[in-house]
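Q: Given the coordinates of chain R, assemble chain H onto it according to the supplied hints.
Here the protein sequences come in this chain order: R and H.
With the numbering used here applied, the first sequence corresponds to residues 96 to 528, in that order.
With the numbering used here applied, the second sequence corresponds to residues 96 to 528, in that order.
Do not take every clue at face value.
Pairs involving identical chains hold if they fit within one copy or between any two copies, as the list cannot separate such chains.
[Said to hold, decoys possible] List time: in silico SDA-like cross-link candidates among lysine to any residue, alpha-carbon distance up to 25 angstroms: (1) Lys172 with Pro397; (2) Lys172 with Ala508; (3) Lys172 with Ser416; (4) Lys172 with Glu371; (5) Lys167 with Ala508; (6) Lys167 with Ser416; (7) Lys172 with Ser159.
Simulated from the structure, these hints should not be mistaken for lab results.
Everything numeric in this text was worked out from a predicted model, so none of it was measured.
Single-letter residue listing:
There are 2 protein chains.
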Amino acid sequence: MTTDAKVDAAAEAALRLATTSTETRNEALAAMATAIEEASGEILTANAVDVEQAERQLAAGAYSQALVDRLKLTEAKLASIVEMVRSVAAQPDPIGQTVSARELAPGLDLYEVRVPLGVVAAVFESRPDALVQIAALGAKSGNAVILKGGSEAAESNRALHGVIAEATPMLPAGWSALIEAREDVETVLGRDDAVDLVMPRGSGEFVAHVEASTRIPVLGHTEGVCHVFIDADADAEMAAAIAMDAKTQYPAVCNAMETLLVHEAVAADMLPPLVEQLQQAGVTVRGDAPTRQVVDIDPVTPDDWRTEYGDLELSIGTVGSLNAAIEHINTNGSKHTEAIVTDDTGRARRFMEAVDAASVFHNASTRFADGYRYGLGAEVGIATGKTHARGPVGVEGLTTTKYYLEGEGHRVAEFSGADAAAFTHRETPDTAW
Amino acid sequence: MTTDAKVDAAAEAALRLATTSTETRNEALAAMATAIEEASGEILTANAVDVEQAERQLAAGAYSQALVDRLKLTEAKLASIVEMVRSVAAQPDPIGQTVSARELAPGLDLYEVRVPLGVVAAVFESRPDALVQIAALGAKSGNAVILKGGSEAAESNRALHGVIAEATPMLPAGWSALIEAREDVETVLGRDDAVDLVMPRGSGEFVAHVEASTRIPVLGHTEGVCHVFIDADADAEMAAAIAMDAKTQYPAVCNAMETLLVHEAVAADMLPPLVEQLQQAGVTVRGDAPTRQVVDIDPVTPDDWRTEYGDLELSIGTVGSLNAAIEHINTNGSKHTEAIVTDDTGRARRFMEAVDAASVFHNASTRFADGYRYGLGAEVGIATGKTHARGPVGVEGLTTTKYYLEGEGHRVAEFSGADAAAFTHRETPDTAW
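Excised from the complex, chain R in its bound form:
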């Protein structure tokens, strides 16, 4: 089937999906979970082909060990994927929820109701579990999905997608489509007549390329240049523990800390032991001039402040005030996740309100920014833009709303001119459509 035919089929399926029941969509998720369990041998065999090729690339120096690790499926990883599908099924159904209800005039009632977006296209990296996660969130929210994974995971994705498509005859044919070539992505990006949202995950450049080359709305998942700011009255032990967690618990991910800011009032006390602890954990640290007056480390460059290392590297800055910390973050951050460690709740609130980011934390590690940890069941990505959905995006980010108006023959002419009837505009919040 051509990519255009897949897009047409997805658009056709989306219209039907919009009227499927909660039960049908949950049934489909249950069937997906069971089918993945039953086909685990077949899926692991396909994955082994991808892993073997990736290991050859690793030996040739083209791939990193981290990529091979992310690519590799095991019985345990498959079990957690199945568990994730079941947890998405267990989430409340967003579709059909009445968001607001308002009487406009006697007998004229307006309802704003949550409905699927339609067709969602996702372009993601080498982890094969991403395919299942996005398909599961799509089925739950009544959207047709067009999936493009990393070429390193081609065999795994083909196997997983085949299992999912075969397991879901209760959903309209073509609701889930797999595309594989880069040209197919360009074809999809040109189909703003049929595709309602594109979700690119990957580098900033890749997301920028997608944004620049399509009229379809883009929900970008780009890099995270996340900060932890240790304020003047932070608890030293808590501050160190949060900084260590944010930097070292899983440095490859977008919600890991890339820059540590420390208030000058506590820099001399806190930095020497913390830098030692970081270095012992294998972290390469760099600092600005005031930082290097209290710890003997290499200097940062201006580029460092805007770099997502994704690795055991860290820039440290010493700032003279809360406002200087806020300004540094608003200038250099990527609006992903920022944290302050302080015992002063007033200063915490000032920081949280003034920092422009999807997530802002007080006395907690940046690593909590994640759909599963936020209680969303799963995530299609973390949006760093401001429109449509922001931060970790679960099923609700795959929905839109629709206005239903129930009248009794109402005409606008009655509400115009000299003897105009008046609108009541009375909220009726507990009324479901």
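A: Chain H alone, transformed into the frame defined by chain R:
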């Protein structure tokens, strides 16, 4: 000031606006309303210059009377603009509202809170009241605004914008910027580093041009090809009244009906008197073959089905079933506003759920699709896309959300591995941040 400098100032102002109080923003709106009242002479004088030039263009055949009418301000129109600003001030403040609250684990609480988008750029047509409406909604929702009106209204816009800017010293300088040249719009479209949303109002081609030439998210206000479907068991009198209202009450606007669909079971009864009534009101009607078997009118062309006449013109189609009506609309409509007239609530619900549009009405005129009538106070436009905001967009469409997480030193490491602590994910809906 260059356009780039205006954008920079707006971005700077947006960061400060995000932390202004409800009182300050409402004060600004009150001051705007009073200042417009007090400067009415000055504003009307400026408007007279625009109107005089427009009348010269009208005489030369370049402008329509409708354009001149929309452009012309009067004391009464100014009073209704002032009234609109005060009604926006009276709306509840969306900023700071807690959208959801959830305990992730003991002592770790997540809040999703409504915040301003940041910088919103609007490009709108010749009605000078649009400028005030968008500035008012921007101030209410804590957004900086960049405004580009029609060149026909240049003097009026300059006067109104001057009054608004001068009346609002309580808001950060540069929160509202006026740009005038087409090149300035291109400059703004290139500033995806600073502008968070673009709202183009105008023709489909103009919106498409904007979407194709910027990486900034676009909230498009395009045409409305709206339908009324008269079902087999519609009340004949109600059906005719709704059709007349939807077509003739104000044909120039996007929520007017462009196509009437009639179920074949009632076409022979209902169409002859209704077509006569439409023709008496000056409407030019065209029909498909089955329609022309019962009324003597010109044939429609395939293009007619997708045309927004914006005038006293109408296409009529006779369909064999509810599903045929749904399919016609999903194929030819612009996803704006669609209506069914029927006494059968089951069939109404089928239509409403299956039709893919921002607003779907039962027994009411399509003309109700409007921010003021919906109870939103005012609107920045009617969004026909599906992401971010859909249908008439009021203050809420100018907001996004931000996640605040309050912890007590929580680290992700505690929730990982063998002795992992469990997430509680307990909704705490009544907890405000």
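Q: Against each hint, give a clear statement of whether it holds in the structure.
A: Against the structure, the hints come out as follows:
1. In this assembly of identical chains, the alpha carbons of Lys172 and Pro397 never lie at most 25 angstroms apart, being 40 angstroms within a copy and 54 angstroms across copies at closest.
2. When the C-alpha separation of Lys172 and Ala508 is checked against a cutoff of 25 angstroms, the pair qualifies only between copies, where the shortest distance is 19 angstroms, while the shortest distance within a copy is 63 angstroms.
3. In this assembly of identical chains, Lys172 and Ser416 lie within 25 angstroms of each other by CA distance neither inside one copy nor across copies; the values are 45 angstroms within and 50 angstroms between.
4. With identical chains, the CA atoms of Lys172 and Glu371 are never at most 25 angstroms apart, being 35 angstroms at best within one copy and 70 angstroms at best between copies.
5. For the homomeric pair Lys167 and Ala508, the shortest alpha-carbon distance between copies (23 angstroms) is at most 25 angstroms, but the shortest distance inside one copy (65 angstroms) is not.
6. Neither within a single protomer nor between protomers do Lys167 and Ser416 lie at most 25 angstroms apart by alpha-carbon distance, with minima of 46 angstroms and 53 angstroms respectively.
7. For the homomeric pair Lys172 and Ser159, the shortest alpha-carbon distance inside one copy (20 angstroms) is at most 25 angstroms, but the shortest distance between copies (67 angstroms) is not.
Taken one by one, the earlier hints fail for this structure at numbers 1, 3, 4, 6, listed in ascending order.
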